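Student: For reference, each letter of the sequence shown is one residue, going 1 to 173 in our numbering.
Treat the hints with caution; some may be incorrect.
Straight line, CA to CA, 20 Å or less: simulated PhoX-like cross-link-like pairs of lysine-lysine [unchecked claim]:
(1) K37 with K77
(2) K9 with K77
(3) K106 with K9
(4) K60 with K87
(5) K96 with K111
Computed Cβ-Cβ distance ranges for the label pairs, DEER-style [stated by the list, open to error]:
(6) Q105 with T5: 15 to 23 Å
(7) G75 with I3: 31 to 39 Å
(8) I3 with Q105: 35 to 43 Å
(9) I10 with F52: 15 to 23 Å
(10) E15 with Q105: 18 to 26 Å
In case anyone wonders, no lab produced these hints; they're calculated from the structure. Predicted model, so just to flag it, every value in this text is computed and none were measured. Every residue, glycine too, gets a C-beta built ideally from N, C-alpha and C.
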Amino acid sequence: MAIETPEYKIISKCEGFEVRRYSDMVIATTKVQADYKASTSSGFRRIASYIFGGNDKEMKIAMTAPVIADCPSEGLKSYNISFIMPKEHSMSDLPKANISEVSIQKESLGKVAVLSFGGWATESRSINYQKKLSELLLKNKIEIKGGFMVAQFNSPWTLPMFRKNELMVRISS
(Lines of atoms letter the chains of each structure in order from A and count residues from 1; the text may use other names and numbers.)
(Lines give C-alpha, C1' and ligand atoms only; values in the text may rest on other atoms or scores of the structure.)
Protein backbone atom coordinates (compact mmCIF):
# COMPACT_ATOMS: atom_id res chain seq x y z
CA MET A 1 0.00 0.00 0.00
CA ALA A 2 1.46 3.35 -1.05
CA ILE A 3 1.72 6.18 1.46
CA GLU A 4 -0.30 9.26 0.51
CA THR A 5 1.68 12.33 -0.55
CA PRO A 6 0.48 15.89 -1.25
CA GLU A 7 -0.92 16.86 -4.64
CA TYR A 8 1.11 19.17 -6.84
CA LYS A 9 1.59 20.12 -10.47
CA ILE A 10 5.06 20.36 -12.01
CA ILE A 11 5.31 23.82 -13.58
CA SER A 12 8.83 23.41 -14.93
CA LYS A 13 11.97 21.32 -14.65
CA CYS A 14 15.16 23.31 -14.45
CA GLU A 15 18.78 22.23 -14.21
CA GLY A 16 18.94 20.51 -10.82
CA PHE A 17 15.48 21.39 -9.47
CA GLU A 18 11.74 21.47 -10.17
CA VAL A 19 9.17 24.21 -9.80
CA ARG A 20 5.86 22.94 -8.45
CA ARG A 21 2.48 24.34 -7.44
CA TYR A 22 0.99 22.57 -4.44
CA SER A 23 -2.70 22.23 -3.66
CA ASP A 24 -3.87 23.52 -0.27
CA MET A 25 -3.47 20.98 2.51
CA VAL A 26 -4.21 20.49 6.19
CA ILE A 27 -1.26 19.87 8.49
CA ALA A 28 -0.63 18.88 12.09
CA THR A 29 2.29 20.99 13.26
CA THR A 30 4.42 21.65 16.32
CA LYS A 31 7.23 24.04 17.19
CA VAL A 32 10.18 22.61 19.13
CA GLN A 33 12.79 24.72 20.96
CA ALA A 34 15.97 22.70 20.39
CA ASP A 35 18.66 22.02 17.81
CA TYR A 36 17.71 20.50 14.44
CA LYS A 37 18.28 16.84 15.32
CA ALA A 38 16.46 17.03 18.67
CA SER A 39 13.65 19.13 17.16
CA THR A 40 12.94 16.73 14.32
CA SER A 41 12.94 13.77 16.69
CA SER A 42 10.79 15.40 19.37
CA GLY A 43 8.44 17.00 16.83
CA PHE A 44 7.97 13.69 15.03
CA ARG A 45 7.07 11.96 18.32
CA ARG A 46 4.57 14.67 19.29
CA ILE A 47 2.67 14.51 16.00
CA ALA A 48 2.95 10.72 15.75
CA SER A 49 1.26 10.54 19.16
CA TYR A 50 -1.56 12.72 17.78
CA ILE A 51 -2.17 10.55 14.69
CA PHE A 52 -1.90 7.32 16.69
CA GLY A 53 -4.88 8.38 18.83
CA GLY A 54 -3.53 11.07 21.16
CA ASN A 55 -6.48 13.34 20.45
CA ASP A 56 -9.90 14.18 21.88
CA LYS A 57 -11.65 11.55 19.70
CA GLU A 58 -8.97 8.86 20.16
CA MET A 59 -9.03 8.76 16.35
CA LYS A 60 -6.22 7.03 14.48
CA ILE A 61 -5.13 8.97 11.39
CA ALA A 62 -3.13 7.44 8.54
CA MET A 63 0.53 8.38 8.20
CA THR A 64 1.38 10.36 5.08
CA ALA A 65 4.64 11.59 3.61
CA PRO A 66 6.64 13.71 3.76
CA VAL A 67 7.37 14.97 7.26
CA ILE A 68 8.31 18.62 6.76
CA ALA A 69 10.71 20.59 8.99
CA ASP A 70 12.24 24.03 8.85
CA CYS A 71 15.66 23.76 7.23
CA PRO A 72 18.51 24.27 9.68
CA SER A 73 20.36 27.56 9.50
CA GLU A 74 22.90 29.34 11.63
CA GLY A 75 21.37 30.72 14.81
CA LEU A 76 18.02 28.90 14.45
CA LYS A 77 16.98 27.64 17.90
CA SER A 78 13.47 26.35 17.18
CA TYR A 79 11.93 24.37 14.35
CA ASN A 80 8.43 23.79 13.01
CA ILE A 81 7.76 20.11 12.27
CA SER A 82 4.64 19.16 10.29
CA PHE A 83 2.74 16.10 9.08
CA ILE A 84 0.36 16.48 6.15
CA MET A 85 -3.08 15.14 6.98
CA PRO A 86 -4.74 12.65 4.60
CA LYS A 87 -6.89 14.31 1.90
CA GLU A 88 -10.00 12.59 3.27
CA HIS A 89 -9.83 14.91 6.32
CA SER A 90 -10.67 18.59 6.61
CA MET A 91 -10.05 21.15 9.33
CA SER A 92 -13.58 20.58 10.63
CA ASP A 93 -13.43 16.79 11.08
CA LEU A 94 -9.92 16.42 12.52
CA PRO A 95 -9.79 15.97 16.30
CA LYS A 96 -8.06 18.31 18.72
CA ALA A 97 -4.67 17.11 19.96
CA ASN A 98 -4.38 16.06 23.59
CA ILE A 99 -1.31 18.29 23.96
CA SER A 100 -1.35 22.03 23.28
CA GLU A 101 1.96 21.90 21.38
CA VAL A 102 0.27 20.24 18.37
CA SER A 103 -2.09 22.34 16.26
CA ILE A 104 -4.08 21.71 13.08
CA GLN A 105 -3.72 24.32 10.34
CA LYS A 106 -4.47 24.92 6.69
CA GLU A 107 -1.27 25.25 4.65
CA SER A 108 -0.90 26.89 1.26
CA LEU A 109 2.59 26.21 -0.04
CA GLY A 110 1.74 27.59 -3.46
CA LYS A 111 4.66 27.82 -5.89
CA VAL A 112 7.74 26.01 -4.62
CA ALA A 113 11.25 25.22 -5.89
CA VAL A 114 12.28 21.65 -5.00
CA LEU A 115 15.68 19.95 -4.98
CA SER A 116 15.63 16.18 -4.36
CA PHE A 117 18.39 14.29 -2.56
CA GLY A 118 18.96 10.85 -1.04
CA GLY A 119 20.57 9.62 2.15
CA TRP A 120 19.99 11.09 5.59
CA ALA A 121 18.66 14.65 5.90
CA THR A 122 21.20 15.63 8.56
CA GLU A 123 21.75 19.23 9.57
CA SER A 124 24.97 19.59 7.55
CA ARG A 125 23.57 17.88 4.44
CA SER A 126 20.38 19.96 4.60
CA ILE A 127 22.41 23.17 4.87
CA ASN A 128 24.57 22.11 1.89
CA TYR A 129 21.51 21.38 -0.26
CA GLN A 130 19.94 24.68 0.84
CA LYS A 131 23.05 26.50 -0.43
CA LYS A 132 22.92 24.54 -3.69
CA LEU A 133 19.23 25.35 -4.27
CA SER A 134 19.83 29.02 -3.36
CA GLU A 135 22.62 29.21 -5.96
CA LEU A 136 20.43 27.55 -8.62
CA LEU A 137 17.57 29.97 -7.93
CA LEU A 138 19.91 32.97 -8.06
CA LYS A 139 21.38 31.72 -11.35
CA ASN A 140 17.84 31.38 -12.76
CA LYS A 141 16.77 34.78 -11.36
CA ILE A 142 14.02 33.24 -9.21
CA GLU A 143 13.02 35.16 -6.08
CA ILE A 144 12.75 33.28 -2.77
CA LYS A 145 9.66 33.97 -0.62
CA GLY A 146 10.19 32.54 2.86
CA GLY A 147 12.26 29.98 4.70
CA PHE A 148 13.63 26.71 3.39
CA MET A 149 12.02 23.41 4.40
CA VAL A 150 13.29 19.83 4.51
CA ALA A 151 10.80 17.13 3.45
CA GLN A 152 11.62 13.55 4.49
CA PHE A 153 9.62 10.76 2.87
CA ASN A 154 10.87 7.58 4.55
CA SER A 155 10.54 5.76 7.83
CA PRO A 156 13.58 5.98 10.15
CA TRP A 157 14.56 2.37 9.41
CA THR A 158 14.86 2.90 5.63
CA LEU A 159 18.48 2.42 4.54
CA PRO A 160 20.26 5.61 3.38
CA MET A 161 20.61 4.49 -0.26
CA PHE A 162 16.80 4.12 -0.50
CA ARG A 163 15.87 7.39 1.23
CA LYS A 164 14.12 10.29 -0.53
CA ASN A 165 14.32 13.86 0.75
CA GLU A 166 13.53 17.23 -0.75
CA LEU A 167 14.73 20.73 0.00
CA MET A 168 11.83 23.14 -0.65
CA VAL A 169 11.32 26.89 -0.65
CA ARG A 170 8.42 29.12 -1.69
CA ILE A 171 9.20 31.31 -4.68
CA SER A 172 7.55 34.32 -6.31
CA SER A 173 4.80 33.64 -8.82
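Student: Each hint should be assessed against the structure and marked as holding or not.
Tutor: Against the structure, the hints:
no. : hint                      : result
1   : K37 with K77              : 11 Å, holds
2   : K9 with K77               : 33 Å, violated
3   : K106 with K9              : 19 Å, holds
4   : K60 with K87              : 15 Å, holds
5   : K96 with K111             : 29 Å, violated
6   : Q105 with T5: 15 to 23 Å  : 19 Å, holds
7   : G75 with I3: 31 to 39 Å   : 34 Å, holds
8   : I3 with Q105: 35 to 43 Å  : 21 Å, violated
9   : I10 with F52: 15 to 23 Å  : 33 Å, violated
10  : E15 with Q105: 18 to 26 Å : 34 Å, violated
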